[in-house]
Amino acid sequence: MQKVLIVDPEKCTGCGICESACAFSHTTSCNPVRARIKVVKWEPEGVDIPIFCQQCEKPVCADVCPVSAIRRDEKTGALLHNYDICIGCKMCMIACPIGGISIDSIDGRIIKCDLCDGDPRCAKLCPTKAIEYMRADSVGMVKKRKGAEMLRNVKTLLTGN
Amino acid sequence: MYGWTGKILRVDLTKGKTYKESTMNYASKFIGGTGIASAILYNEVPPEVRPFDPENRIIFNTGPLTGTMAPSCGRWSVTMKSPVTEAYSDSNGGGFWAPELKWAGYDHIVVHGRAEKPVYLWINDDVVEIRGASHLWGRDTWKTQEMIREELGDPEVKTVKIGPAGENMCLGGCTIGDISNAAGRGGSGAVMGSKNLKAIAVRGTGGVKIADLDKFEEVCEEMHEKIKSVSIYDKFSKGGTPWLVHDGMIKASGREHTEEAKKVMIDKFMPYFVKSKGCYNCPMHCGHVYRVQEGPYAGIEGEGCEANAINDFTSTVGCYDVPFVLKCNEVCDRLGMGVDEAGHMYAFAAELYKKGIITSKDTDGMEFRLGDQEAILEHIRKMAYREGFGDVMADLVVKGGKRIGKGAEEVALNRNLKKQLSYPLRSSYTQALSYSTSTRGSCHLKSTPFVYEMWLPAWYPMEYVREVGQEKFGDPEACITPGNPDGKALMTTEGEYMCYVCDFTIICKFVTQKTIYDALNIADIARMLTPLTGIEYKREDLVKTAQRINAVQRAFNCREGYRREDDYPPPATFKEYKMTFGKKVVIEQNKYDKLLDEYYTMHGVDLKTGIPTRQRLEELDLKDVADDLTKRGILKEFEKKAKSGEKLVPVSSTAEG
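Taken in order, these protein sequences are the chains called B and A. Each residue of the first sequence is one higher than the last, beginning at 1 in my numbering. Each residue of the second sequence is one higher than the last, beginning at 1 in my numbering.
All clues given are correct.
Listed next, the in silico DSSO-like pairs over lysine-lysine satisfying Cα-Cα at most 27 Å (straight line): (1) A:Lys-594 x A:Lys-608; (2) A:Lys-238 x B:Lys-41; (3) A:Lys-235 x B:Lys-124.
It should be emphasised that the hints constitute simulated quantities derived from the structure, not laboratory data.
Only chain A is shown next, with the shape it has when bound in the complex:
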């Protein structure tokens, strides 16, 4: 077996048993990563099974490229029915755990059931053990890793684990690889906690087999070089996501920054970033080690304070203090808490408090004032432990809002999208559409809401931006007309292909066209997959796989009750305007309606309901999904079928890239 290990590890925590299944049952249609995971979820987690039921699956994924010489292929992902969205969700993390799992001999781990007492999984090549974790339960993620390594007598053991947040089934509870690589979204930590699964420890010595060694080596080296030659390599490799997001977004908004905001720009973080850090085999090494040596937070050190954390613990909560951001990041890593969830819930509570919807009687005396560092840290702790009002906060915006009532749900409306954390999406039609149609709830990682309209104009000469517009979308103005919905369904769809390819081969999105236009594209990834696996892959094959996986995820969500109305941005999106590169952008509902129709047509989705059509599903070799939807009365046989000879939009407008 080349590329894949060929084995999926199945873990039944109720029976305390493990067994193996062949990856090749799924690999030809879904390749790997969240692709194979989506297929398994669809087959095995019907609507009758809710996220915290033992029968929910939590699936840990690698891809055929993982753990090889291919650059930046060290990421893992986790897929499940999410307690946040009550539908499909996945999240991914970087670091070193995923390659170790491949070397131990597994492409995926599918966990179901519930252990009677806390356990952890130990995988060491052929040895797979379900070991007691009562001594680990309650420990933070760093201590947990330390204790596991000591117990197993090997400092090279890699772990993915939950902290107190996941143990207490806080919906913001996430899974943490190494000490900071968090799969933050969707409550994966909470699902692990619901199964009494504390950690998965891996050590592997088998390596990955390659079909054509010389060719693979040649192509991989070429790709390493390509990444190091991208125009923003110097800036991104040194500044990481804090630079990426701040620089790009500052340029796009054209706004002057307040004195406060200047205190937390990227240049103020650099003195605390003592060194660059890289994930497995990555030439971009966009991570950092940080250290605080003075002040009230002196002594903290850690890794991976990214752009989201910076936003979450600065403007979102009204603080403008760099060491405070680093402190919150470290606290969240240790607790196994998503940073977005922690920061945004404080802001949500602050808004409710200001409006009088909650009072100090409800909040154990906390006033949720913006800028109150002590209160924010206390809030994060209480949320992780579901203590007092923290129990409501732990249910996040939609469920928490419902519990509070008294108008909280209306306030929540503009803070959630498909039940995930969000905010009005006004920068461009592509942004609004990408986020809204993401199958895991509001997110920027299922398409490319920024690369064409924000980062291309921010970092490349205008001539090049026009060239890209012409080549890729047939319109030189395509990347500089954020307020014009024409062509944006195609832009969103192209972005989807890139993201899905990253997610099922698993390669980091930061070294691909999802983020950097002159980085690796889909054709490049196909050129690596071919000598790796010995199977000929071309761009079209990967695009078709992307379409297939997206259809499965959409069908899964439709089974859970999602429909067209779930593909709309928060209401406030249509109410105000935003400036993007000096252009006023107004997202109008009737134009968005038409844009969504166009997107649906491209995806073979029924315009009225948002359900994939039988014709499309069968074209994508998903007849079993179509039959399942029909059996459940979701797909009606009389649904409008495309007239014979009428083609859906072709796979892609470009031949390469």
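This is chain B alone, in the form it adopts within the complex:
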């Protein structure tokens, strides 16, 4: 059963621990500019949304790559980018509809979420569980539960009182 990295923006506080953890574990310095995940913010509305590669089922990035540098990892389901094959044409970055791929401005390489080989650091350290790494069958259930709770709280609906 594969796991999915899923985000709940309402829980995100915008603290950026995910960015720091990601950059730190993939590179040798504390530099969130090198993170594969970024929190997009709107102030003062207070909207914070972490954005990262969604490991699409139909990956446009893989399709557009002229040298097939992006391949699926069967174990984690992550789309892995291979630096050695990559020619740096940046077509994957341009094609991705959500900005899941970016450039590491320090070494010029294409970077994207690789699910940390099955143990994503961001999910591990997120203090509010705004990012969770959970089984694919659980994801829908979590959302359904949230919806059902809204109905449950409306007493008149259930008891007719």
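Following the hints, put chain A in place on chain B, whose structure we already have.
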């Protein structure tokens, strides 16, 4: 360079030039934050330079831990000679500006001089520009950030800026990071305004280098977990400072709350707090986004309505309306005005008006009635713009009181401490001593007036409270005898060490023992600094650095004329009593005298004058400070020296923590 970037940015606004200096000129003795800033201030801002003179320095600080994986290390501080206290002051703010400055490559920014026209500073890695800000002058802080980001074409630019309050050199004018992270105390905004400096914008991509990556990662993760495991994590992370202060203080005072006060307790705020917000890399995320959707203030939204703002715009001004508090908070953020200053000046004017010391002739017709929301908002605006009577209010309690005369100064006496806003400090001897000896004027952030005697008994089982008393102070009753001065000089001093360590490494005080007893302590911070910098730090090293910095700040203030009498609380402190956890606390002057003597002895300070002794200064590697004080006739060579072999109180009674 590990931890530090190694560079201090020097900005000369008169000449319109910038240059760099090595942080390592100061780092071994002062480490960072307000530590290095205090040393620079001491060296470069003598008594001849007054706060609004171009030669005053305004220094923006980060620390070696800033912008790393270490938890809650996103704060910045600003240090200068303050126009409020006419002496040392510093203030700090949270958010995201400080890490960006580290990533751009600077540990500190030291600004002096005065620009001919309004300018702002733009720092983008190696690019440093002094850019025109005439189009920004007059704009509120939110608009300023928006316009700067658009001009520079980057929504990720972080800014620290002033609003109209700072521009008009209102002494309550503060510097605002992001949209709500205010360095509120001491008039930093006014000093920036006096230099025609509107904002500092930063964008950095360099990151921070780590000496021992694996070890640092391991320790940081441990500290993240430690914070999330503190006993009050659930309550504090959800309720923030409004919960922290209300809950702790309600429990301590044991008072029944009036019907009015119940309208503004934390539970009444929660429906408006739509979401939690966190500063850079902080697992506590104690901030909130607020939104008002109905009523006369419908439409306002913002961040960071903290406990102080709640007190300032409720009981202080006689209002008990949650949306009104949020409105005032938003207004102050936009104007770049300190919330304490805004609320307390209204209360001060109200008292003067009631006593007939000022009349509507003096106040442009305003009656300064408590509970008058419209008048309060108008007062805040006029104070920021120095309009009419607002010009007097903008000078705050001491200077404003002097201008009014006719007995206003006597009324002001109980509202100020070392010229900062204050009130009688009767909850405990530790509270009275901590606030009074704070080097930046009345404040609770240079020591821990609450953690031992208020929050420990409020939130932990009595057994544990007694354990702490025994372990840390050799007395199981230490934390539950607020009305007994014995051992309280040590309690204050221990608290100082914790606060100073937070201020020179820069880590947020809310995740340390300054606030929460089972959170990070000094030893924990040393364990992070070591793999970060590659330099071995132990608790004793950080404590000694804290002592050194405190001595520099005290010496700086003595140079400005501060003496022992400035380390006393307001007179009303000795006149009435207060109940703390059911115990009647009476602060008696003669007992306070003795307590201060004990504190001075621990700090190597001359009992009669409050001036640090040469022996102490030299022990702390501050011979140059001692020589400077001697040259100025402040330190007399014949001052009583400790007898040889006589030790001052040892560094700390505990081996760890």
